[in-house]
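Taking the hints into account, I'd like the entire structure generated from these sequences.
Number of protein chains: 2
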Amino acid sequence: MPSLPPLAARLQGVASSPVRDLLALLERPDVLSFAGGLPAPELFDLDGVRDAYTRVLAGPGARLALQYAPTEGNAELRALVAARLTGRGLPTDPGDLVITTGSQQALTLVTTALLDPGAVVAVESPTYLAALQSFQLAGARIVAVPGDEDGVDPDALADVVARHRPVLFYTVPTFANPTGRTLPAARRAEVARIAAAGGMRVVEDDPYGELRYRGEPVAPIAAGSEQVFYLGSFSKIGAPGLRLGWVRSPADVRPALVVAKQAADLHTSTIDQAAAVAYLAVADVDAHVARLRAAYRERRDTMVAALPSVLPAGSTWTDPDGGMFVWVRLPDGFDAASLLTTALAHDVAFVPGAPFYAGEPDRATLRLSFTTNSPEAIQEGMKRLGAALV
Amino acid sequence: MPSLPPLAARLQGVASSPVRDLLALLERPDVLSFAGGLPAPELFDLDGVRDAYTRVLAGPGARLALQYAPTEGNAELRALVAARLTGRGLPTDPGDLVITTGSQQALTLVTTALLDPGAVVAVESPTYLAALQSFQLAGARIVAVPGDEDGVDPDALADVVARHRPVLFYTVPTFANPTGRTLPAARRAEVARIAAAGGMRVVEDDPYGELRYRGEPVAPIAAGSEQVFYLGSFSKIGAPGLRLGWVRSPADVRPALVVAKQAADLHTSTIDQAAAVAYLAVADVDAHVARLRAAYRERRDTMVAALPSVLPAGSTWTDPDGGMFVWVRLPDGFDAASLLTTALAHDVAFVPGAPFYAGEPDRATLRLSFTTNSPEAIQEGMKRLGAALV
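These protein sequence lines are chains A and B, in that order.
This note's numbering puts the first residue of the first sequence at 1, with every later residue one more than the last.
This note's numbering puts the first residue of the second sequence at 1001, with every later residue one more than the last.
Simulated from the structure, these hints should not be mistaken for laboratory data.
Keep in mind that this is a model prediction, so the values were computed, not measured.
Take the hints with a grain of salt, since some may be wrong.
[What the hints assert, rightly or not] Per label pair, the in silico range of CB-to-CB distance: (1) A:Leu64 to B:Asp1159: 40 to 50 Å; (2) B:Pro1217 to A:Ala290: 55 to 65 Å; (3) B:Glu1216 to A:Ala287: 57 to 67 Å; (4) A:Pro2 to B:Glu1149: 49 to 59 Å.
[To be verified] Under 8 Å between C-beta atoms, here's a sample of chain B residues computed to sit facing chain A: (5) Arg1055; (6) Leu1057; (7) Ala1065; (8) Leu1066; (9) Gln1067; (10) Thr1108; (11) Gly1241; (12) Ala1260; (13) Ala1264; (14) Thr1270; (15) Ile1271.
Quick reminder that beta carbons are idealized off the backbone N, C-alpha and C, glycines included.
Take a look at the structure:
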C-alpha cells in the first residue's frame, strides 16, 4: 500500500477519539450517562414528526421531496427560519441563510471558506470540542482566550486580537458547551466592537438559545455586528436525527459557503427539509419548546440540588440558566479522566474536561449533561457518582 | 467589513457556477432540459418509500430514528450495502463502509483526508465537474489524462504517474459522467497495476453501475486492487433527495475518513438511513432496477435514434451501454456554450462540455441527459435542438 499522505496521518492524530469513545460508552445499557449532549428522546414530538413525513409523502410535492434540490436549501424552510430568528430579535432575510446538514456542517463550511492552513482562530476556553477538531482539521492555529463565570473576557480577547490577528473568533455565548455560561449583553457588545476594530469575523454558535429555564433572553452578538456567522439548529428543539441546521452569513462570504456546501453534499436531505416545513406549518413550536423547558428545568434543578452531597468539598460547579450542561471543577489534584474509569465501574459516565481546552487543560474539570435522563435517573446517577468519588 | 481571506476569495472563483446556473435553467417550466443528471421522478418508488418512513416512525425504533447516531452509519444499512456489493462481485465487509450524505460527500471526505494543498490529482478527461471543483477547493493540482472511446488510456495514465506522481486518480469507469463510456476489464486491470506500481490511490466513482441497458457487467476496479476508494449511491437507483451514499475504503485511510465525516456533519440523517433499511427489508430492489433499466433504455434509444437528423453533418456521439448521458461532439468550429443561448431561445437545454475538462477544453462538445424526460418529451426536445442548430 502507498504510505499515508501527511494530511491523512495528521487526521488520524486529530483528537476525535474522545467524543467517539464517549458515544460508545452510551451503548452499554447499564451505564447511566451524563456524557453525551443528547436531547431527551421521550420529549421528541414523534406524532408531529410522523404526521409531517406522512403529509409530505402523500402530498402533491411528494416526488419533488425525493429529488435533487437547491444547494442553499428549501426556500420555505429558509423563510420559516428567518421569521423565527427575526421574532427572536435577530432581523433575518431568507436570503441570508444557508440550510446545512446540522449546525456541525455550518461550522465546517465556515472553516472551509475562511481558514487557510496556518490561519489563526481564537476560541473561548474551554469550548465545544468538535469545533476544536474542525479547526485542527483545517490546519489552523488555535489560540485560547480565557474567561470567567460570565464567559469570555473581552480584555483578554482584545489582547489576543492585537497579538495574533485571528481570522475568526469562535464562541457559544448562550448556555455554552461545555460550561453552561452565558455572556452578558455588555460583553457581547464588546466582542462586536473588538471584531470590528480588529477585522475579525465571529462564529456565534447557538444551538441551545431557545432552551432557557431562567431569566430573560440576551440578544445574539449577530444582532449588533455584520461580521458574525450565526449558527442554528433544529437538533435541540426538534430532533437531531434529521440533521437540520443553518448558518446566517455575512453577504460577502455567502457565495463561498454555497460553493463549499455544494462540494460537501450538494444539498441537505430534500425530504427532511420538506418534513420540517410541513411540521412547522402546523405545529405549535412555542408550546413544544415550553414543554422542553419545563422538563429540562426540572432535570437541571435535580442535578444541581444533588451536587453538594456528591462532590468532594472544595468542588465548584455552574448552575446554568439554560442549555444542557453543568460544568464541574473538582478540588486541585483531582484528574477527571482517571476518575471516569472509576465512575464507569459504578455504571455512571461523564465527559472529562481536558479535551475542551485548546490550551493547557484544567484536568480537574468535567462536564455533566442533565437533559438525556429523567429526574429519577439523574438522582440514581448522582448516587453512583458520589460512590465513585468516595 | 474585513477583507476576504485568500481561501474565500479563491472559493468565489471556483468554477461552481456552471452546475448551479444549469440547475437554475431547469426551473423555467417551458424549457425541455437535457442538462441536469436527474433521475426520472415518475419512476421513484414513492409508495415503497412512503411505506418505509411510515414503518420507521410507527415502529419501536421511531425515537432512535430521530436521535444522534454513529458517524460510520447505520449498522444494518452498512450490512445491506455490503451484501449487495458482494453480490455484484465486490466482496465487502460492513466494516469497510462509511455511509455518507450522498456520494458527493464521500468524494469530499476522500479529498479532505488525502489532499494537502498542492497535491496532484490525475483525472480522466473529460470528467465529472463537481469532482474537479472538490479537488480545486482542496487546492490540488489537477492533471488531465487523455482517453478514447473506451475511456482513459492506460499508457497515458502511466505517463502521468511517472511524471507527476499523483496521490489520487479519479475515474467514473462505468457509464462515465459526462461521456457515457465504460472502461473495459483489461484497462481496469491496467489501472490497478499502474496504481500499485506508482503508490497511487484510485477513486472509483460508480453511481450509475446498476443502470446497464446492454451487455454484461464489468467488475469494478476495486475488485482487483486494495488501493481503491469505491463510491456508491442510492441517488440513481433509489432517490437522490435522501442524500444516501457510501464509500468502501482501504482500511488504512478509513479512520481518517471517519474523523473527516464527523467534522463534516457528525453523521448522515438518522431517519433517512432508517427508512432506507426499512425499504430494503421489503422491496424487490432488483425488480425496481429492472423497471428503471427498461424505461431508461427506451429513452436512450429514443435520443440516439433522433441524433442523426438533429446534429450537423460531421457530428459524433456516444451510444452508452448504461447510465444517463450521451456525449456529443459537434464539427470543428462549433462552440457549445454559445449554442446554448440559441437552444434556450428554442426552449431546450443541455450542458456545454467545456467545464468537464481539467485541461484545454474541447468547446465543440456537449452533454445530453436522457433519463429525466419521457420518450415523447425527448422527441420534442430533439426537434427543438434541431431547430436551434439550423
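Those earlier numbered hints the structure runs against, lowest number first: 4 and 5
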